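Line order of the protein sequences matches chains A and B.
Position 277, counted from 1, in the first sequence is what numbering that gives the first Met the number 0 calls 276; the numbers after and before it change by one each time, with no gaps.
Position 367, counted from 1, in the second sequence is what numbering that gives the first Met the number 0 calls 366; the numbers after and before it change by one each time, with no gaps.
Please keep in mind that the hints were generated in silico from the structure rather than gathered at the bench.
As the structure is a computational prediction, the values presented were derived from the model and not from experiment.
Treat the hints with care, as some may be off.
Simulated crosslink set (DSSO-like; lysine-lysine; CA at most 27 Å straight-line) [as the list claims (entries may be wrong)]:
| hint | chain 1 | residue 1 | chain 2 | residue 2 |
| --- | --- | --- | --- | --- |
| 1 | A | K169 | A | K118 |
| 2 | A | K190 | A | K176 |
| 3 | B | K114 | B | K53 |
| 4 | B | K215 | A | K2 |
| 5 | A | K261 | B | K309 |
| 6 | B | K27 | B | K196 |
| 7 | A | K80 | B | K196 |
| 8 | B | K214 | B | K147 |
| 9 | B | K309 | B | K27 |
| 10 | A | K2 | B | K214 |
| 11 | A | K230 | A | K88 |
| 12 | A | K169 | A | K202 |
| 13 | A | K118 | A | K176 |
| 14 | B | K214 | A | K80 |
| 15 | B | K196 | B | K215 |
| 16 | B | K215 | B | K147 |
| 17 | A | K88 | A | K2 |
| 18 | B | K196 | B | K332 |
| 19 | A | K80 | B | K215 |
| 20 | B | K214 | A | K88 |
| 21 | B | K309 | B | K196 |
| 22 | B | K361 | B | K332 |
| 23 | A | K8 | A | K261 |
| 24 | B | K215 | A | K88 |
| 25 | A | K261 | B | K27 |
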Amino acid sequence: MYKIEAATKLADRVYEYWIRAPQVAQHARAGQFVILRLHEAGERIPLTISAVRGDAVRVIFMTVGKTTEELATLRAGDSIKDVVGPLGKPSEIENYGTCCVIGGGVGIASTPLIARELKEAGNHVIGIIGARSADLLILEDEMKEICDDLYITTDDGSKGVHGFAADVLKKLLGEQKIDRVWIIGPAIMMKVTSGVTVPYGVKTYVSLNPIMVDGTGMCGSCRVTVAGETKFACVDGPEFDAHQVDFVELMQRQRIYTGQEKVSLERFAEHRCRCGEGGHHHE
Amino acid sequence: MSGLRSTGAGAAKGATTMSDRPADIRVKDFREVDCGLSADEAIAEAERCLQCKKPLCVRGCPVGIDIPAFVREVAEGNFPAAARALKEQNMLPAICGRVCPQETQCEGVCILGNKETSIRIGAIERFVADWERGNGPELPEVAKPTGKRVAVVGSGPAGLTAAAELARAGHAVTIFESLHEAGGVLTYGIPAFRLPKDVVRAELDQVLALGVRLKKNHLVGRSVSVDELLGYDAVFLATGAGLPAFMGIPGENLNGVYSANEFLTRVNLMHAEAFPEFDTPVLHGARVAVIGGGNVAMDSARVARRLGAKVSLIYRRGEEEMPARRAEVGHAKEEGIEFYTCTNPTRILGEQCCVTGIECVKMSLCGVDASGRRSPEPIEGSEFILDVDMVIQAIGTSPNPLLVSLIPGLERGRRGNVAVDKNGRTSIPHVYAGGDIATGAATVIEAMGSAKRAAAAIGAMLKEE
Ligand SMILES: Cc1cc2nc3c(=O)[nH]c(=O)nc-3n(C[C@H](O)[C@H](O)[C@H](O)COP(=O)(O)OP(=O)(O)OC[C@H]3O[C@@H](n4cnc5c(N)ncnc54)[C@H](O)[C@@H]3O)c2cc1C
Ligand SMILES: Cc1cc2nc3c(=O)[nH]c(=O)nc-3n(C[C@H](O)[C@H](O)[C@H](O)COP(=O)(O)OP(=O)(O)OC[C@H]3O[C@@H](n4cnc5c(N)ncnc54)[C@H](O)[C@@H]3O)c2cc1C
Ligand code: SF4
Ligand code: SF4
Ligand code: FES
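Between the sequences and the hints, there should be enough to build the whole structure, so can you do that?
This is the structure we're talking about:
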């Protein structure tokens with residue numbers, strides 16, 4: 000069992016948990032993730048490692064379906080049945096010169112570790128974090144502290160630049176040399192934003208989020224097409240060269256279980272109503 | 000558990016299907032197909048054994064069970080002694096009794112096979128193991144602690160066997176397993192209707208009861224560094240051949256195309272058949288094509304059948320060439336799986352992301368008459384389309400590259416397997432390997448045999464130090 004040491008709500012539908020998992024914390028690097036399973040009947044879901052403190056790792060998640068909704072009902076002191084990690088290849092951190100780390104929505108969760116390791120490797124680090132509106136923006140203070148420059152964007156203009164991270168990136172690329180770009184967010188946001196760097200020939204990494212089961216390269220559920228080849232995101236990635244990724248296929252494969260996911264979520268919501276909001280343990 | 004009930008009659012004839020539940024009933028659930036022998040049937044079968052002075056059967060058993068000895072105890076109704084004799088060489092008898100390809104191992108060489116029918120060694124073994132499980136298992140003796148620490152990576156049959164042997168010799172053994180359940184393919188691959196999960200659990204618990212530590216959720220190479228691993232006095236790599244192959248034909252990444260590993264894992268490990276009671280989903284195709292002719296293909300087809308599909312099995316050679324066990328081919332047919340032999344898929348068709356069909360071509364030079372294993376050739380113009388909404392590829396797996404590619408200086412063979420000598424020694428002095436990671440995808444009993452040899456070599460090495 001893996002104990003939740005702290006649980007905080009960061010924004011509407013977005014939560015931050017510190018989970019005690021020494022074997023993960025001791026080895027975690029930027030770009031890696033964990034897979035967790037809440038209980039005997041649970042699904043295995045991947046979440047990015049967002050920070051490490053002692054024997055605990057931080058995950059930040061958005062409630063989008065049954066498992067994340069159920070996870071959100073847990074509190075500090077509760078436990079998660081299984082946590083395995085760190086999974087995936089670490090980000091390719093080197094001293095490149097100037098790097099730009101971009102997070103969109105809950106994808107911002109992945110940015111601090113990457114930005115911090117880039118900084119430690121000697122890079123000048125520019126951060127861009129974007130959300131639909133100001134109240135959904137997370138980790139602003141943390142990113143401000145790590146990055147040399149931080150830009151904020153909101154779709155509705157309620158904070159920072161009115162618009163998308165892609166707009167800021169385009170402007171920056173016109174003004175200065177950027178050597179590497181990381182983009183983490185929803186698939187469509189990564190597709191659009193990485194398109195901006197193509198004409199500049201800047202190597203751009205995206206962290207792909209296909210549906211996973213084992214996370215160890217054994218099932219192929221997470222397969223993605225990169226440069227025309229099939230890759231398993233859990234072991235060959237999750238970070239890949241953005242300009243080579245087949246995003247359309249990724250988005251298509253993310254929808255495989257839409258029907259069942261709805262059934263599962265509705266059943267959970269109904270169950271929760273019957274048991275009262277407070278009763279937070281599944282069973 | 001299905002218990003030890005049997006439909007009776009005919010066990011001694013060696014017909015493997017006499018104790019099977021009827022096909023029309025068993026396809027509606029995931030309970031065990033073969034009900035096993037009753038005590039009387041087991042005794043009657045054991046009494047047929049000639050107690051050969053030079054028993055051929057033992058040579059056919061990769062772990063060297065003293066078959067005449069345990070069979071004699073059964074014939075005398077002395078089941079505890081039979082169990083003791085079995086476990087002297089094999090800590091997983093209930094598993095082996097069910098899934099060993101006995102027809103090509105011990106039973107294949109039993110002297111009685113020439114005249115009448117071989118002794119049903121596997122069925123008797125299973126009976127004894129099941130009897131013992133129901134009557135409180137006895138633990139073998141464990142030697143006093145040696146103070147040596149051994150790391151075993153992977154908890155499949157190879158890892159469990161090596162762990163048991165080394166623990167019995169007094170070494171402190173830790174098994175690392177990346178999944179949340181131990182057992183390897185026994186847990187995530189072979190379906191419950193062939194190998195009930197409580198059977199796996201019980202034999203696993205016996206291995207742990209020898210004092211073996213099991214660390215689940217530990218992916219070695221990630222959660223445990225290579226340096227930490229190599230810090231043990233000895234290491235046994237048993238990470239299996241879990242990397243699924245895809246054919247590389249168009250349409251393979253459409254929604255509804257699975258590797259057998261994914262499909263079986265969703266059901267066996269994650270219990271997707273019980274969705275939404277269990278949270279993990281799996282697609283329920285109405286018409287499913289399974290590609291392949293091995294045990295994995297049969298298992299996938301029969302699981303899909305139990306999820307309600309009409310299933311077509313596509314195999315590029317003839318039925319005789321199928322590597323699956325005969326009994327499993329028979330079971331699949333009884334359960335209504337349609338066989339397309341001498342047939343090869345050429346592309347998977349889809350509309351708006353989902354599978355709508357599979358195009359196949361007939362193959363020549365693929366049947367029994369074809370000399371040797373000549374390469375089948377596609378017959379031009381013989382293409383046809385099967386209307387299916389789901390495809391499962393069961394065309395093989397290769398050794399898990401993750402950990403072995405991270406260990407510097409570890410020599411590998413041509414197929415990505417870890418190169419070993421006959422005692423499981425690798426190119427690194429205190430690192431050994433066995434099971435599918437060394438041989439490529441093989442069988443449970445061969446994995447166990449190689450693990451036993453490696454454990455013996457590790458024991459000898461640790462003694463010398
Ligand atoms: C490497 C990786 C890192 C991730 N990091 C984060 C993170 O830090 N924060 C965060 O909020 N989300 C993250 N995700 C996405 C997160 O795993 C999904 O939101 C979660 O699995 C949804 O589960 P659910 O039961 O709540 O929703 P469901 O209703 O089951 O699914 C909602 C959507 O989530 C996706 N999804 C469902 N099951 C899985 C699965 N087993 N594996 C992957 N995706 C799935 C599907 O596209 C689906 O349509 C990450 C995904 C990957 C692959
Ligand atoms: C569907 C199916 C049906 C089969 N049917 C039969 C049958 O009827 N009869 C028969 O004899 N054989 C059968 N086989 C083959 C048989 O199961 C295998 O040959 C056998 O399981 C190999 O054992 P193993 O211990 O080498 O590896 P596995 O059983 O594959 O176990 C390897 C374990 O190592 C773990 N692991 C991998 N990498 C790491 C790591 N880095 N860190 C920690 N853990 C790790 C894996 O999660 C896994 O649990 C079947 C195989 C399949 C897939
Ligand atoms: S372990 Fe397998 S090969 Fe050995 S006696 Fe038992 S069934 Fe036969
Ligand atoms: S070869 Fe057959 S008859 Fe002879 S001892 Fe072995 S099982 Fe008995
Ligand atoms: S999640 Fe199974 S191979 Fe990647």
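Checked hints:
Proximity of K169 of chain A to K118 of chain A is assessed by CA-CA distance (about 22 Å); at most 27 Å being required, the pair is judged to hold. In summary, the hint linking K190 of chain A to K176 of chain A is supported, as the alpha carbons are separated by about 22 Å, within the 27 Å threshold. Our distance criterion of 27 Å between C-alpha atoms is met by K114 of chain B and K53 of chain B, whose separation comes to about 17 Å. Taking the CA atoms of K215 of chain B and K2 of chain A, the gap is about 16 Å. The hint holds against a cut of 27 Å.
Restraint check for K261 of chain A and K309 of chain B: satisfied, since their Cα atoms lie roughly 26 Å apart, inside the 27 Å limit. With a C-alpha separation of about 18 Å, the suggested pair K27 of chain B and K196 of chain B falls inside the 27 Å cut-off, and the hint holds. With a C-alpha separation of about 20 Å, the suggested pairing of K80 of chain A with K196 of chain B holds against the 27 Å cut-off. A hinted pair counts as satisfied when its Cα atoms are at most 27 Å apart, and K214 of chain B with K147 of chain B qualifies at roughly 18 Å.
Our distance criterion of 27 Å between C-alpha atoms is met by K309 of chain B and K27 of chain B, whose separation comes to about 13 Å. A threshold of 27 Å between alpha carbons decides the hint, and for K2 of chain A with K214 of chain B the separation of about 17 Å falls inside it, so the pair holds. Distance check on the hinted pair: K230 of chain A and K88 of chain A sit about 13 Å apart at the alpha-carbon level, within 27 Å; holds. Between K169 of chain A and K202 of chain A the CA atoms are separated by roughly 14 Å; this keeps the pair inside 27 Å, and the hint holds.
About 17 Å separates the Cα atoms of K118 of chain A and K176 of chain A, which keeps this hinted pair within 27 Å; it holds. With a C-alpha separation of about 14 Å, the suggested pair K214 of chain B and K80 of chain A falls inside the 27 Å cut-off, and the hint holds. About 17 Å separates the Cα atoms of K196 of chain B and K215 of chain B, which keeps this hinted pair within 27 Å; it holds. For a cut-off of 27 Å, the pair hint linking K215 of chain B to K147 of chain B stands: about 22 Å separates their Cα positions.
This hinted pair checks out: K88 of chain A and K2 of chain A have alpha carbons roughly 25 Å apart, not beyond 27 Å. For the hint pairing K196 of chain B with K332 of chain B, the CA-to-CA distance comes to about 24 Å; that is within 27 Å, so the pair holds. The suggested pairing of K80 of chain A with K215 of chain B holds, with an alpha-carbon distance near 11 Å, which does not exceed 27 Å. As the CA atoms of K214 of chain B and K88 of chain A are separated by approximately 22 Å, the hinted pair is consistent with the 27 Å bound.
As the CA atoms of K309 of chain B and K196 of chain B are separated by approximately 26 Å, the hinted pair is consistent with the 27 Å bound. Of the pairs offered as hints, the one joining K361 of chain B and K332 of chain B holds, with about 21 Å between alpha carbons and a cut-off of 27 Å not exceeded. Proximity of K8 of chain A to K261 of chain A is assessed by CA-CA distance (about 24 Å); at most 27 Å being required, the pair is judged to hold. For the given pair, K215 of chain B sits about 21 Å from K88 of chain A by alpha-carbon distance, which is consistent with the 27 Å threshold.
Using a Cα cut-off of 27 Å, the hinted pair K261 of chain A and K27 of chain B holds, with the two alpha carbons roughly 26 Å apart.
Hint compliance for this structure: every hint is met.
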